[in-house]
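**Student:** Residue-level listing of the chains:
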Amino acid sequence: MAQIFHRSFNFISRLSLFALVFLGVLALAGMLVLARSPYLTNQRVTRDQPVQFSHKHHVGDDGIDCRYCHTSVETSAYAGIPPTKTCMNCHSVLFSNVGYLEPVRESYRTNQSIEWVKVHRLADYVYFNHSIHINKGIGCSSCHGTVNEMPLVFQASPLTMEWCLDCHRNPEKNLRPKDQIFNMDWKATGNQEEEGKRLAAEYKLRTKAELTSCSTCHR
Amino acid sequence: MDAMNDQPSEKELRILQSTNLNAGERGHEHQEHASDERAEDTAMREHRLELATVREKLKNKTGKQYWRTLEELAEDPHFEELLHREFPKHASEWEETVERRDFLKLMGASLALAGMTGCGRPDERHIVPYVKQPDGMVLGKPSYYATAMPFGADAVGVLVESHEGRPTKIEGNPDHPSSLGATNVFAQASILGLYDPDRSQTVQFTGEIRTWSAFLDFAQLQATNVKATNGAGFRILTGTVCSPTLIAQIRKLLALYPEAKWYQWEPAGGDGAREGAKLAFGRNINTVYEVGKANVIVSLDADFLASGPGHISNARQFYRRRKLDGPNDTMNRLYVVEPMPSVTGSSADHRLPLRSTDVELFARALAAKLGIGSAAPLSGEATKWLEAVAKDLQKERGTSLIIAGEHQSAAVHALAHAMNAALGNTGKTLYYSEPVEADGPGHLESMRALCGEMDRGKVDLLLILGGNPVYDAPHDFDFASKLKKVNASIHLSPYFDETSAYCQWHVAESHYLETWSDARAHDGTASIIQPLISPLYYTHSAHDLVAAFGDKPGEPAYDAVRAYWTEAAAHLESPMDTGWRKWLNDGVIPGTKFPAITPELKFNPANLPALKPAPADQIEFLFRPDPTVYDGRFANNGWLQELPKPVTKLTWDNAALVSPKLAQKMDLAHKVAARGGEHGQILSAVVDIALNGSKVTAAAWTLPGLAENTVVLPLGYGRKLAGFTGTNKGFNAYVVRTSNALWSASEGKMTPTGDTYPLACTQYHFHMEGRQILSTGTLAEYKKNPGFAHEGAEAPAKDDSLYKEFAYPGYAWGMAIDLTKCNGCNACVVACQSENNIPVVGKDQVMRGREMHWVRVDRYYTHADSETRDPSSYDPSLDNPETFFQPVPCMQCENAPCEQVCPVGATVHSAEGLNDMVYNRCVGTRYCSNNCPYKVRRFNFLRFQDWDTPQLKLMRNPEVSIRSRGVMEKCTYCVQRINNTRIEAEKQNRPIRDGEIVTACESACPSEAIVFGNANDPASRVARLKAQQRNYSVLGEVNSRPRTTYLAAVRNANSDLEKA
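From first to last, the protein sequence lines stand for chains G and D.
Under my numbering, the first residue of the first sequence is numbered 1, with each subsequent residue one higher.
Under my numbering, the first residue of the second sequence is numbered 1, with each subsequent residue one higher.
Bound-form chain D, shown alone (with noise of 0.2 Å):
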């Protein structure tokens, strides 16, 4: 208590010294009020967070808190007053370095010139059809083209919206397995991939244009040297690899090259779920699951709602099974046991913190309380948990499933597999069949013994197809020095990379919507990838490159997918003549699903090597793929960069993750800094990372609920050659990655440098200022009072408005989101911005709280009743809260506190409910968004749309305007969509039916809490929801009536686990 009763003395002196300092160092004497004001305001907006300060606030608070930032919980003063502030003292000043007396000349010229530029006579334009127009295309009516994105071992079937041969617009294809009708981020964000200004676009030869023909030839004269060698010194290496074409391809070429080898790296994709199964089954074999029919699930480590093979389809499937039309419905119930929170974890109903290491502690003492094998005693939480998850599988036999992640060891899956097997979910749960992806060694080894070949000089002719070795090969491997010792070498990828600039040759890539291909769904199911345009620049796919150096060199893609599949036809329900169309027309190849299999269990868990539990103090550093660049291949994708991170809501950079204990001990808490008019900017500590002999330095963020003593560093950012929008972004993790801890390290040091860095997040704007907008319960709760979503909340009375009431006799659009079904993931976000030309602004404005998205994802934490909580050792409200979600588009409020406000009405009600924004109305006063309790409107500060690089205007919507400076902007519920189904409605004389408007939000959504439709109508679905009794408004008591409603997060907690 000492070291708190000292606390303000010592914030005091700060503010004094940096008072003193600034007096001093303007030497302003007579101005000194001003400068006193600008010191304090300075200690202000750099004011430090305290984490003791935290904790000691969390002993004395009682009942249940949601707080956004760590700030928020410890009701930090100095924030607050920053947060109550519109405007941060001394926002107005002028920063830059022109002078007022410029300023008020360029003003006055400005607008004495102001009207001037509506003038004129609109200039000549012209319309040029086309010599013979395409069967079957409507010019001004957007086609859509069944095709499929791989990812890893995985592919995403996708219908893809085509203006006049242009794709503008990635939609789920509901027919496909791993899609379900749903997309994910990186499906999204693909669109800003195919028209990225930064790909490469040409074959180069040491940085020099070349021919494809001249490639072409070198690739012959090479095939003929390697022929006589029998291929001894040809390697090809790739990333995991989905496509049925280019594996038979690979394989054909390894036949003509039998001394040729195939090796496979995948940086971010680990080898755990591979050499689980070989230690399992004693061969690779693929697990599916059937999420849908578990009604217990136990993850160990696992993201499987947001990442991995069929992720999209498993978060359907899961929040299936968590709809809930009223209090007597049931729901699955998951337990998530990890050192990160994750998607996955931070929507579980519980969650266990563990260290990496002890995850597998756990599922071997949870395996040995299902009877397989023995385990030492956990400790602490781990056993009441334990206990607890124990019983609830033991209830479920055949209708539970325990998923172990992706970067979990062998020893963690073969025991997933072992207690699966244990509790009769095989079969019924979960099913395995033959890999989807190219078999071969594990990807570490496939990378060890290239990189040895490579040092001993035995490698002549390199292909590398994708990937970026250089930049993502495990460091001790030195991947760089070693490819200098190969002949020849070529790499293709989308960008001129780390890589290309080692490599002799570089072949730039087609992007997945511009070539023929195919590729598996995480079941096997195949798809043929169809181009939407021809390649913008002079691109080619591994196809071309494979085959460049087979028999049949210049062969092209579609022949060589064609030739495939005409074979493989002969098994299939449908022969090549007739099928052909139809699998291009459907996305999926029907009978192309792998069977079940049923393995035989060869595990013994009495041979796994005994597990030393790490010391408690010592730091466990993790490397995980970020969630929105992923391994780094996504660096150079804006929309990606600048989407927030699902859990840490930071964008354009990555941060050593630090758990608040350990930010704590080291003295690491971070400075919010205000910039500009808003809040945005958080000022990290800096810290330098030692770890397997190498140093990294990286900003410090602190994460609440992250696992004791952990570290996370996120891969896939500090690129060095990315482009214009990734390079030189974030820190590499990739440098302290070493072949002996791909996934965790141990043997590091973390020591804070004292420097601090400027962090762009997003959870600090927009605060909502402590009022209640999330409702959350269990299920119990909402099965004693399903109306606890209303309590405590005065809604006024309908009439209780200055305002006239506007009548809506047609259609009153609204939407329902049940925040029992949002995990976070972002989907709607990407999905959203790509719909609605919604423009990338950059770290700077964002730090100013600039950033643009329509729909953001807000995260809540909570904390239960402290009573009996004790935060001097573990406390669960800080080292691990319970995570919430809320996605905020615009509520279009029937009293819409906007509409009120704006002196030239670009703001207007429409009769159907909406709050429709006339962009050409607007003059940019910007009252409407100081007058929204939502704070849903973006404006744009500068012009933020690129008007000039030609690429990005093909991008484009056709259907939505292009702001401009100075213009707000929100969501209007997609519409136009409303419009272009309602047209199409009153063509055919009829109303619009439920379910036929999906707005871009909605139609990206994996877990389908997103819906909207006709709220005047009781049968549709939006109506339906709306009219159950979790449903309420936020702020409903400021009467602004909104359409969007809420329905209560509820969650499925175990009563066993509810009362510490």
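Okay, chain G solo, but in the shape it has when bound (with noise of 0.2 Å):
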């Protein structure tokens, strides 16, 4: 009786075996890469805001200190979103009839908030706190890219855990001395290696165990 298969087949069943834990390796690389994608972490995605605002503008045109608006960055875990009367501190000079500022305005005539959309957005069990980034010398751009050149905001950073816990396990590298702190364009020079050893001892960083620990952030 003649042979069902084919010699041929040796080498395709010998291929198609390869196949599958070559294509089991790919998919799971795949995933693995996906969830790092901008697709799943929102990384470099604009959002379209009420009004749009620019912080291009209002920062690096305008030269605004980060905190006339983020009033509670030093302090709190939140920045803070200004309230409009912040908005309004200018804006009932300037530009006081462009129609573009309309929902501003309206907000402060009927005690109605603006709903921001939301760019930066960590799990719920993360306990984020800018104050103490600030106070230990991470400055704004770190984190949050060159605000000052962006038109419409977006999420530098991929904000993933990977991505934060790879300044915690070696937070020299974007250590900075602290009048730089809310300076955008502040970069690394070439010693950075030794000035955030420096600064790593001047600001008494807690030890990497300890900014390791897991509930430094979750709780």
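The hints are simulated quantities; they were obtained by calculation from the structure and are not laboratory data.
Cβ atoms here follow ideal geometry from the backbone N, Cα and C, with glycine treated the same way.
A few of these clues could be false.
As the list claims (entries may be wrong) - Per label pair, the in silico range of CB-to-CB distance:
1) G:Val98 <-> D:Glu208: 50 to 58 Å
2) G:Asp62 <-> D:Ala1019: 46 to 54 Å
3) D:Lys105 <-> G:Leu165: 36 to 44 Å
4) D:Gly924 <-> G:His120: 27 to 35 Å
As the list claims (entries may be wrong) - Once the Cα atoms are required to be at most 25 Å apart in a straight line, the calculated DSS-like pairs of lysine-lysine come out as:
5) G:Lys85 <-> D:Lys141
6) G:Lys197 <-> G:Lys173
7) G:Lys204 <-> D:Lys987
8) G:Lys208 <-> D:Lys804
9) G:Lys118 <-> D:Lys953
10) G:Lys178 <-> D:Lys987
11) G:Lys85 <-> D:Lys132
12) D:Lys132 <-> G:Lys118
13) D:Lys428 <-> D:Lys458
14) G:Lys173 <-> D:Lys987
15) G:Lys118 <-> D:Lys141
16) G:Lys197 <-> D:Lys987
17) D:Lys384 <-> D:Lys695
18) D:Lys987 <-> G:Lys208
19) D:Lys428 <-> D:Lys369
20) D:Lys141 <-> G:Lys178
21) D:Lys582 <-> D:Lys612
Dock the two chains into a complex; use the hints.
**Tutor:** Listed below in structure tokens is the structure:
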């Protein structure tokens, strides 16, 4: 009786076995890549806002300090989204009739809040605190990127746990002098490694074991 | 002994019978083996406890032993088998209606889709900032406001944590005399009371919704009618009022309508103190105890450490005198004579159980010993006791204190006043002041008069400000039917309850966190009650309601309070305009404490009517407020319902508490039953209690330490209109409570019905297998051998471990719990529940052993050497055991057994020694809980947390994750508080100061038993406590090296009483 399978099937079967393993690995790798991709992390995604507020204009062109609006960034876990009143401090005089700013004036008139769309979103079980990062020499741009160049603000970093831990394990590379915290254009110089070590000692940074304990961020 | 020999055969018979029954019923003869096993198991699960066995076993015991349940004491083999199984037989069987096949299908589908829930892009969310942000508000940082929670003739000063305008947590106010920084269970649970979705939300007229302005119109119309008759048909009924503004408002109303009358009724606040003061001094006078100044305290049925005015401050002062730094320190001594084991009695140095009426006999005898009047001699144990107590009191003239209980008669109170005067204590360990609450006739007389007037049709308009008289008035007054004869009735209450159903108008009452008001503390110090949040619903306060009938209808409570204090400020140190903001900030108004007065004692003990001791075999029925739902007002509070009652450890029910001897006589022993996966359901015998012409059916609960022939009927249950949580729980003891026997009744009958009723008791869970986990001794023993806590325990060497040791260069968080100071009041349990968003699981789940409290308070009984005992008559081990309490949070072991077994790394060691619990990693294998020697881990078997009710979302602490189904959780020493404090300290570039981090349990504890801090800092409070010789680790021999350690309980026993 003739063989049911032709000899070439040996090769095909070996190939399919290999392909099975290969495809499996590929699928796994694909999932890992997908999880880190902007598709799921929302990195570099801009959002439609009720008022298309430009950080580029206010920070880059006008030179307004971050803390004029984000008032509690040095003292609280939240940096704080400014109340309508903060906008109206200037815009009751400047561009006070521009139609583009009507939602702001309406909010002020009717005492109804402007509903901004959240750009940076952490999981509910992450307890991030702005103030301690600011006070320990991490500048705004280290995480938020060059906001002064963003007409519409987007999430510059992936905000994954891997990304957080990368710095918590080795914070020295991101430490800067306290007077540079709010400088959007600060760049690490060549001797950042030494400088970072010096600053870590000056700021009395906690040990890596302490910074990477689960309860540092999760509770 | 013959009876004892019969015992096993009887048991066998029962097993046999149930075997036959099971086999017959099921008719699976081919599965005979299986049904045999099942029957045996049923028998085991429902095995009866025989008290006679317990007594017999006790006879043969020597040495000190600790026990938690009667079954454990009896060394019942069935019970032990039940405990030794992690899962009882057939626990894995599918008992629900879903078929196994369907279950497998479902499981298959869930497995296939398991990963899918994690997929998908996060949805868009919004940020809604303020339009104008309030001054001083920092988003993300809680604010604290001082206010006070009024309760009876007292107010607890509190600081309320508020997150962006939502009150979330209650803390004590250290500046307030009734709090001194601590709180109690009621204050802690009041947060849930505020957000309770079952609260009444609007004004109603005969069940229909009305506006407040419609009510105001009605009120003014009525006011005109009432004015025409000078107020002849106008009656006001309130509870105890300690708000000076409300008192002034009502007085003003009474001045407006001179014929109107004000009555008061507080079902659980005794008239005894008031009537006693009238008997002793001729008028109502407030007694303020300065417990901290007394060396010897005698309590005559007074639970002064856990209930009544000033109890939090009493506990704080009392336990400050029990601070032991070393064997040379001294302690105060507490004697308690009481019928029912209370929190105070359970932590006394000596406790004598006496029937309620015998307490008065004892008081008279003690007074006679101190030279006041004469008394009949006492019998038995009490005589020896009397001698010892009298001797001790005589030694401590001016530094002793006698306190009479709220529910004792006027005579006992008068005798206590006379004894304190005779001992020279007045002005030293106690002082007198003007009464805190509004003066008036006794509450019982008040209620009697009101019911009489209603019955005669003399009441046209009845204003009921709070309270629930239809439910809780003496049953013979038949308040409900008399209320029908009133033309117009208005009821102000937080819930639409039994009384609201009988009134025409119901006005929803604001919570104390929603309204302006004021209240006086037990020593007269006044506080302004300020609202933390504007009313959640269309609710109003008593101030609004009283104003509606006066000449200023619609006057806001704020104006009324301001008006009162503008006038009152004239007599104060600080005038209104500068003082107001400071009063609000501090939570107290300086200079309002009532000055001490020295009333003349007009009491002649010879005038007391002769007291005949009740026949020894007569059963005495006592009515007592429930320790968690009180008089019924907290029935709908899930936290309080699920809170194990301090001594009985029952949840969700009340039960007729029966003394062991009586239970034995009536054959009321209860059965331990297992259900589902764990142990926690007790099938109790059901009894009919016929009393005062009515009948009530109740589950009976044998309570060691209860006076002989005494049955306690806790009030506050059996509500019909309490809300979703509180309706139809337990039995209503008010039904058999009549005006002639408010606190104790003797003409009653108790008959077992033969039925059983399942009770959820937490003391049957988490059994510790008889290892030495509690260490206790007397002061004399401690002085002789300061290291007694370590005897018998072998501590392994530090490096005696397979695992690498952690280094803790920075902070090493630790906790020390002083068992000398813990009285089991449970404030820590509710505080933890509130701080850590711990869900309520319900009675059914508690019966499966699934309650979620992160810290539990274990109750232990102990009995001394038995050689000299004669169990046939009076057995101190069962009829009066010594009681100890031990709070058990997570131990945060340095060699944590839980960490080694987690397959997904969901519980890991932090650099500061905490056993971190990472909820989002947990897959629910429960290996950690299985491997935990302390049984402190809690598993979310179901989604216990309510995610949908909007009010409850407001209540939660935003600093703590909300856990879902299938996740393990446990105490982490309030890591959110640690982190937030550390961040603040690091921002200031300094180490965390000792005492800067206060865990929720530590902060609530009235007796300062719990101390948390950095064990690495030798100067910290916790390190100094841990350095004491009394300090020991529970199960230290397993080398888990717990960070939570205990200080052995030391009691100041009187050597005259010690050797029986």
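**Student:** Hints first: check each against the structure and report whether it holds.
**Tutor:** Consistency of the hints with the structure:
no.	hint	in the structure
1	G:Val98 <-> D:Glu208: 50 to 58 Å	holds, 52 Å
2	G:Asp62 <-> D:Ala1019: 46 to 54 Å	holds, 52 Å
3	D:Lys105 <-> G:Leu165: 36 to 44 Å	holds, 41 Å
4	D:Gly924 <-> G:His120: 27 to 35 Å	holds, 31 Å
5	G:Lys85 <-> D:Lys141	holds, 21 Å
6	G:Lys197 <-> G:Lys173	holds, 9 Å
7	G:Lys204 <-> D:Lys987	holds, 10 Å
8	G:Lys208 <-> D:Lys804	holds, 18 Å
9	G:Lys118 <-> D:Lys953	holds, 21 Å
10	G:Lys178 <-> D:Lys987	holds, 12 Å
11	G:Lys85 <-> D:Lys132	holds, 5 Å
12	D:Lys132 <-> G:Lys118	holds, 20 Å
13	D:Lys428 <-> D:Lys458	violated, 49 Å
14	G:Lys173 <-> D:Lys987	holds, 20 Å
15	G:Lys118 <-> D:Lys141	holds, 20 Å
16	G:Lys197 <-> D:Lys987	holds, 19 Å
17	D:Lys384 <-> D:Lys695	violated, 39 Å
18	D:Lys987 <-> G:Lys208	holds, 18 Å
19	D:Lys428 <-> D:Lys369	holds, 21 Å
20	D:Lys141 <-> G:Lys178	holds, 23 Å
21	D:Lys582 <-> D:Lys612	violated, 56 Å
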